[in-house]
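2 protein chains.
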Amino acid sequence: LIAAGAQLLGKRAYGALGVAEICAVAGVPKGSFYYFFPSKQDFALAVIDEHWDQQRAQWAEILSAAAPIGERLHELFRATAKVQQDALEGTGSVAGCMFGNLALELSSSEPEVNERLREIFDAQVEMVQTALGGEHSRFAGSAGIDLGGLASSVVANLEGVVLLAKLHNDPARVEANWTVTARMLGLEPAAA
Amino acid sequence: LIAAGAQLLGKRAYGALGVAEICAVAGVPKGSFYYFFPSKQDFALAVIDEHWDQQRAQWAEILSAAAPIGERLHELFRATAKVQQDALEGTGSVAGCMFGNLALELSSSEPEVNERLREIFDAQVEMVQTALGGEHSRFAGSAGIDLGGLASSVVANLEGVVLLAKLHNDPARVEANWTVTARMLGLEPAAA
Chain B
1 LIAAGAQLLG KRAYGALGVA EICAVAGVPK GSFYYFFPSK QDFALAVIDE HWDQQRAQWA
61 EILSAAAPIG ERLHELFRAT AKVQQDALEG TGSVAGCMFG NLALELSSSE PEVNERLREI
121 FDAQVEMVQT ALGGEHSRFA GSAGIDLGGL ASSVVANLEG VVLLAKLHND PARVEANWTV
181 TARMLGLEPA AA
Chain L
1001 LIAAGAQLLG KRAYGALGVA EICAVAGVPK GSFYYFFPSK QDFALAVIDE HWDQQRAQWA
1061 EILSAAAPIG ERLHELFRAT AKVQQDALEG TGSVAGCMFG NLALELSSSE PEVNERLREI
1121 FDAQVEMVQT ALGGEHSRFA GSAGIDLGGL ASSVVANLEG VVLLAKLHND PARVEANWTV
1181 TARMLGLEPA AA
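Residue numbers (this note's numbering), protein chains in the order written: chain B, 1 to 192; chain L, 1001 to 1192.
By construction, these hints were calculated from the structure, which means they are not laboratory data.
Predicted model only: the values in this text are computed from it and were never measured.
Among these hints, one or two may not hold up.
[Said to hold, decoys possible] For lysine-lysine, the following DSBU-like pairs were computed, each having C-alpha atoms within a straight-line distance of at most 30 Å: (1) Lys11/B with Lys82/B; (2) Lys11/B with Lys30/B; (3) Lys1030/L with Lys1082/L; (4) Lys11/B with Lys1011/L; (5) Lys40/B with Lys1011/L; (6) Lys40/B with Lys1040/L; (7) Lys1040/L with Lys11/B.
[Claimed, not checked] With beta-carbon atoms standing in for the labels, derived distance ranges: (8) Glu1061/L with Asp49/B: 42 to 50 Å; (9) Gly31/B with Tyr1034/L: 50 to 58 Å; (10) Gly148/B with Glu1071/L: 22 to 30 Å; (11) Gly186/B with Gln1058/L: 29 to 37 Å; (12) Ala57/B with Ala1046/L: 23 to 31 Å; (13) Lys30/B with Gly1031/L: 34 to 42 Å; (14) Gly1186/L with Phe36/B: 34 to 42 Å; (15) Asp86/B with Gln1058/L: 32 to 40 Å; (16) Tyr1035/L with Arg12/B: 28 to 36 Å; (17) Glu112/B with Thr1091/L: 14 to 22 Å; (18) Gly1186/L with Gly92/B: 34 to 42 Å; (19) Asp86/B with Ala1003/L: 39 to 47 Å; (20) Gln1041/L with Arg56/B: 31 to 39 Å; (21) Tyr1034/L with Gly18/B: 23 to 31 Å.
C-beta atoms are modelled at their ideal positions from N, C-alpha and C, and glycine is treated no differently.
Modelling step: build the complete structure from the supplied sequences, incorporating the hints.
Structure (structure tokens):
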């Protein structure tokens, strides 16, 4: 059911998904849905948690690699582009970021989903901040920019560019953004 | 009807809006909706066009002002933050960007809406690019960054940070992002 939900959420808005359809895709009888999930919101939370478990593991691996920070962040952009490229090849359309999609659709109507998504974005920012701070403090200080603000902007940048990639159905936009993000960080990307 | 639609879209997902509700808020009989708009998609397009007419005029005024480019772009961030602050004070919640919200919700299901939103985001990028290119070419050249890519990143950054502002119901996040965007552009913001 969770896999079916994640797959359907890649293609359509949460509000447009019915429990019957999710069960049909998962190949389980409708009655079993409410056995596992008291409500559609509980189901959404389970799909979010599952997706975040995977993404967090991927981010942790990339950001803790034994490579310069610029290379690690570049790899984060590449990996994000690849997720969207895979979605494009598999389904014909760029799925966008599941968390961003749900944040925009549900943040005012489903408070528990909103709360979970806040925690996830905060955790993403913290992971990037740890990576930026770990090496040395060259990212902090200039022009009153703190590391938290810088990390938050990296996440906002990634989120915004995935939105544009989805709109244009073009995963290449994600990696194209890296050179500019590198400049934001004061890193000059290596020549291609 | 268009004003009612824009107001409701600030609070909820497009998919969660019914024609009956839009008409109730607008104070018109339901029959008149389909007199003006053959479908809900036509209505969405009219709301988008109206919103873009206003936003384009505001962006044009800000970006063509007689001020240094850094000050004009900072004002764009301030104006965006103010729209979200006004929404928060008026309705209790940060509305986010109507175009971004609709892009994530509808880009795979409503092709005409998707096409219109692409045109709008392209126009935003072009407006920023014109502003960046107008003064002199100091923004181009370094590290293989072209002006279009830089302008696209400014728009992606703004879009991403408005998403985070909506998620956290905190308009201050928008302007807080400006210092980092300024660094991305190679501009050091003036001390506060």
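Hints and how they fare:
1. Straight-line distance between C-alpha atoms of Lys11/B and Lys82/B comes to about 17 Å, which keeps the hinted pair within the 30 Å bound.
2. Distance restraint check for Lys11/B and Lys30/B: the Cα-Cα separation of roughly 21 Å lies within the 30 Å cut-off, and the hinted pair is therefore satisfied.
3. With a CA separation close to 34 Å, the supplied pair Lys1030/L and Lys1082/L exceeds the 30 Å bound.
4. For the given pair, Lys11/B sits about 23 Å from Lys1011/L by alpha-carbon distance, which is consistent with the 30 Å threshold.
5. Between Lys40/B and Lys1011/L the alpha-carbon distance is near 20 Å, which keeps this suggested pair within the 30 Å criterion.
6. A hinted pair counts as satisfied when its Cα atoms are at most 30 Å apart, and Lys40/B with Lys1040/L qualifies at roughly 25 Å.
7. Between Lys1040/L and Lys11/B, the direct Cα distance comes to roughly 20 Å. Compliance with the 30 Å bound is thereby established for this hinted pair.
8. Checking the proposed 42 to 50 Å range against Glu1061/L and Asp49/B shows it holds: the Cβ atoms sit about 45 Å from each other.
9. Between Gly31/B and Tyr1034/L the Cβ separation comes to about 38 Å, which falls outside the hinted range of 50 to 58 Å.
10. About 25 Å separates the C-beta atoms of Gly148/B and Glu1071/L, a value consistent with the hinted range of 22 to 30 Å.
11. Between Gly186/B and Gln1058/L the C-beta distance comes to about 32 Å, which sits within the given range of 29 to 37 Å.
12. Separation of Ala57/B from Ala1046/L is about 45 Å and departs from the stated range, judged on CB atoms against 23 to 31 Å.
13. Between Lys30/B and Gly1031/L, the C-beta spacing of about 36 Å keeps the proposed range 34 to 42 Å intact.
14. In this structure the supplied range 34 to 42 Å is violated for Gly1186/L paired with Phe36/B, their Cβ-Cβ distance being about 53 Å.
15. Separation of Asp86/B from Gln1058/L is about 38 Å and conforms to the stated range, judged on CB atoms against 32 to 40 Å.
16. Range check, Tyr1035/L to Arg12/B: about 30 Å between beta-carbon atoms, so the 28 to 36 Å window is met.
17. For Glu112/B paired with Thr1091/L, a C-beta distance near 21 Å keeps the hint of 14 to 22 Å intact.
18. Checked against the hint of 34 to 42 Å, the C-beta distance between Gly1186/L and Gly92/B comes to roughly 39 Å, which is consistent with it.
19. Distance hint for Asp86/B and Ala1003/L: a CB-CB separation of about 42 Å, consistent with the stated range 39 to 47 Å.
20. The beta-carbon spacing between Gln1041/L and Arg56/B, approximately 37 Å, falls within the hinted interval of 31 to 39 Å.
21. Roughly 25 Å separates the CB atoms of Tyr1034/L and Gly18/B, a value that falls within the hinted 23 to 31 Å.
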